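Residue numbers (the numbering used here), protein chains in the order written: chain A, 1 to 302; chain B, 1 to 295; chain C, 1 to 422.
To be clear, the hints were calculated from the coordinates, so they are not data collected in a lab. Just so you know, not all the hints are guaranteed correct.
Stated by the list, open to error - Each computed PhoX-like pair below joins lysine-lysine, with the alpha-carbon atoms no more than 20 Å apart: (1) 42(C) with 79(B); (2) 176(C) with 240(C); (3) 282(B) with 193(A); (4) 103(C) with 420(C); (5) 193(A) with 215(A); (6) 275(C) with 154(C).
Computed from a predicted model, the values in this text were never measured in an experiment.
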Amino acid sequence: MMMQRTTRLQGKKRQKTPWSAYLYVFPMVVLMGVFIYYPIFVNFYYTLYNFSAFSLSHTFVGLGNIRLLLSDPVIATALRNNIFYCLISIGFQVLLALGLAFILEEPLYRRFSTVFRTTYFIPVLISMTIVAMLFMQILSPRGLLNSFLSLFGGKVRTGWLGRSSSAIFCAIFMSQWHSMGYTTMLFIVDIQKIPTELLEAAEIDGANRIQRFLKIVVPLVREMFFVVMVTTVSGAFLVFNDVYVLTRGGPGNSSTTLAVYMYDMAFTQDRMGYASTIAILMFVICVILALTQRRLLRTGKG
Amino acid sequence: MKKVTCSVKKKKIGFPKFNSSRNQWTLGTVIILFFLLVYFVLVIYPLIWMILSSLKTEREFFRNIWGFPAEFQWENYSKAWSMGISDYFLNSVFVTACTIATTISIAVLAAFGLVLYDFKGKNLILLLGMGGMMFSAQVALIPLYRVIQNLRIHDTYWAMILPYTAFRMSISLLLIRSYFLSIPREMYESGVIDGCSSLGILYHIYLPMSKPILLTVSILIAYYSWNEFLFSIIFIDSRALKTIPSGLMVFRDALNTDYALLFAGLTISALPMVLLFILMQKQFIRGLSSGAVKG
Amino acid sequence: MKRIIALLLAFMMVLSLTTTITASAEEKIKLTFFHRWPNEPKGPYMDEVIRKFEEAYPNIDIVVIDPVLNDSYKEKIRVLIGSSDIPDVFMSWSGSFGANLVKSGRVLPLDDMIAANPEWSGKIIDSQWGPFQYDGKQYGIPWSMDGKVFYYNKTVFVELGLQEPDTWDEFITVLKTLQENGYPHPISAGFQAEWAVSHYLGAMVQRRVDPDVVTKDYALEGDFTDQGYVDTLNSFLELKEYMNEDPNSVDHSFARNLFIDGESVLCLMQLAEIKRVEDGADFEYSFFDMPALPGGLGDPDELEGAPEGMMISAECEHPEAAAEFVRFFISEENGALMTKMTGELSCVEGAVNPDSVSTPIQLDAVELIKKASGTTLWQDNAVDATVASAFMKGGQLLYTGDKTAEQVMEDVRAALELAKQK
């Protein structure tokens, strides 16, 4: 119906003042063209060169940067870390958050749920820089975590951020702490749209809590589930702030991610061409995910 | 889906409200409650610790990590505020306000043009406008850095406002456009009859009707630009222009080891969004959830 | 409709104007000045000297470009040097950083100015000129000097009858003794920020590796295959068992705090940090230079730590005024003020004197610098960033046990290849 309406309207306007239509969209087109599309386009060209941010000389290297990318062990580390990020985030921010949302919407817990979900949401409101600086102190050898662990005996002075085995997981768990309340809230909003009658009826039919969750809630929040899934996954592959502030990718490059490594190449080592190549890798991952999202949403709706 | 709903409704008619098993405590439900409490503590305790630590002296912070401060050091807050947080704070407010203003103006104009007119290339422009959502800033950072330099806006407020506007454009356009689509076109026609220009119609009819969506979009933009970090560390060098997320890095370096002061700074910086949330909880959640679903 | 478009346009223009309006033209000579200390204590010091200068020279107006911290400064000064609005006077590190600026051809050689003012230039400590000489010309005037040394808790040393070590073996013996006497972690270190690693490695490489090889390698003309590098890294690793747990997890200021709190007995710090230590420590302390390494081919009397200095733009319209400003800044009086206000050591002879120091230890520091046979540049200033980063990251990974010294050097050689391609 809406389609008809707009078409009719558009038909009417067509002859009148098409030029003013262009005026309306002009600022947006210019802005997005300059700040989004032009850079994406030029980035492909940049990968063919080695250059510094401060000189005009470019050295043509052809596919050299791409070859370097494929053989760079740090890229492998970064990808591995991004994948850890992704898997753990799916566990917490998608699966666990959905379960949590369901529980908080259960009548049994309703009297506490406002307090809980509001509290769980607070970290979302706090900028990642602040959270990371807070966690640096919590995780430091003399920090809160170690003094808590010391209660169970012994003097614990582990430098969680200084070991290559634990640094990236510190960042990942910090990120869950920060964002789980957000996805939980999204699921809650969606679950609230489910008619209560539906759940009550299922109960009369003898469905227990788990069955109700799997048979009714999960199918009905499917669309939101895909959305959260894709944002979580792409967030995990683009993550920058968390790691940059908490560990700067260290020790060595052990906790680096694609975005942090790109930043490092571009702005501390001044290897702009290679940094652009890393950006291309992220671009490809991004596009694949966006396409997946569209496909999933379509099936989700169908 | 519709069918299920219908049949449920039918069923419900026959049954009065009953006391369901969903309201009975069992061992399992108590264990779940326990975990909810654990998560609750995990979230709230670090925040309380942050606030308590911000009221300690530097020595207390090191020596007495758990305890209460012997005496509340309120002056940590005034010190942190005057040591730079005030500047970052005002910059954040300014940049956020400007980003909201520019994003909304440009998105409203574009949405209006796209809803009311039919013109050549419209679909392409719509696609480009929405397509921005697919890309995040990281994927073309180096050329963007060059663009900022070549426009000679590196290290000015514009180096944040314009990219923020560009990267928030798609979601704003999408939300505003779909809202405009739901406004009956009779409103437009009555405006034409009253002799309004099309911009007049936008200003006098569409905008007043769109207040809720504009509020939602504003919150979405504010949340983004208040927290944005990547652009603000790369495009801004001057301390005087830094916003809170990047300014805190300078603040930390300047302090050396006075963590109590650092925590005071962190607490001040965290406050505005928490307050905004408390004041406008409903709109806030609506804003963020519509941002997620569509974006 | 037009009115609203006009309004929108006006709104945009007002916004853009606010950022472009600058001071209108004036009669006075205007000098732009760029430094990197927005914060206490150096920020207020700079402001104070500028105020004094403007009072003494009412016809000259100093316009300070908003100062930015370390890394941003490095980036921004390079941008400015490449642009048309290069500042008239600016601060620079010595070594390769200064060399890069000079390479642009837009930095003014100062030999004439130095020769014309022998009384002024004669007061600057001799050893500090060298790091600002490029191709036989003097491009920077040294302003503050520094040195990286092991601070030690003298009270503990005296108690246990320990001497300042000269050689590596003596050093290790001292550490062992300390460990046996109630100090399980005698050295405190914080390597979370990479530069802290490079300060260890820079000094140690200088001690161990043949100076000719180092010069060639750092200039990217060598191949970093000398066995000395591997030995250096292994010596560095030897210190791990005497350090606080996981030094990678804490930053340098945390390590300094451990020293001040008396938990550690030694800490590698800059002489410029004396004031910070002085404010907190309730024990006697002193310092010694990095000990000689076994098999070392470098001069063990060199001191790591290059001066910072001032440069003048070759495009400055009023070079005399700029020179006047530099001479005013780097003078006995204002050098003394610097030492007094910031604890940094001025390069001007006599500026660090009993009146300007906050502790006599600062006088010892100047003696130590003067006594040194030469200056070892900070490693991260002495060599290309990619190579320096391979050393620093390698040092961290050596400590986590992820890499051996040989593997670190392989990474350094790989970085060398990349650096050559730049």
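Tested hints:
1. 42(C) with 79(B): 18 Å, holds
2. 176(C) with 240(C): Within the cut-off at roughly 12 Å; holds.
3. 282(B) with 193(A): Judged against 20 Å, a Cα distance of about 15 Å means the pair holds.
4. 103(C) with 420(C): Between residue 103(C) and residue 420(C) the Cα gap is close to 17 Å, so the pair holds against 20 Å.
5. 193(A) with 215(A): 16 Å, holds
6. 275(C) with 154(C): It holds: about 17 Å lies between the C-alpha atoms, which stays within 20 Å.
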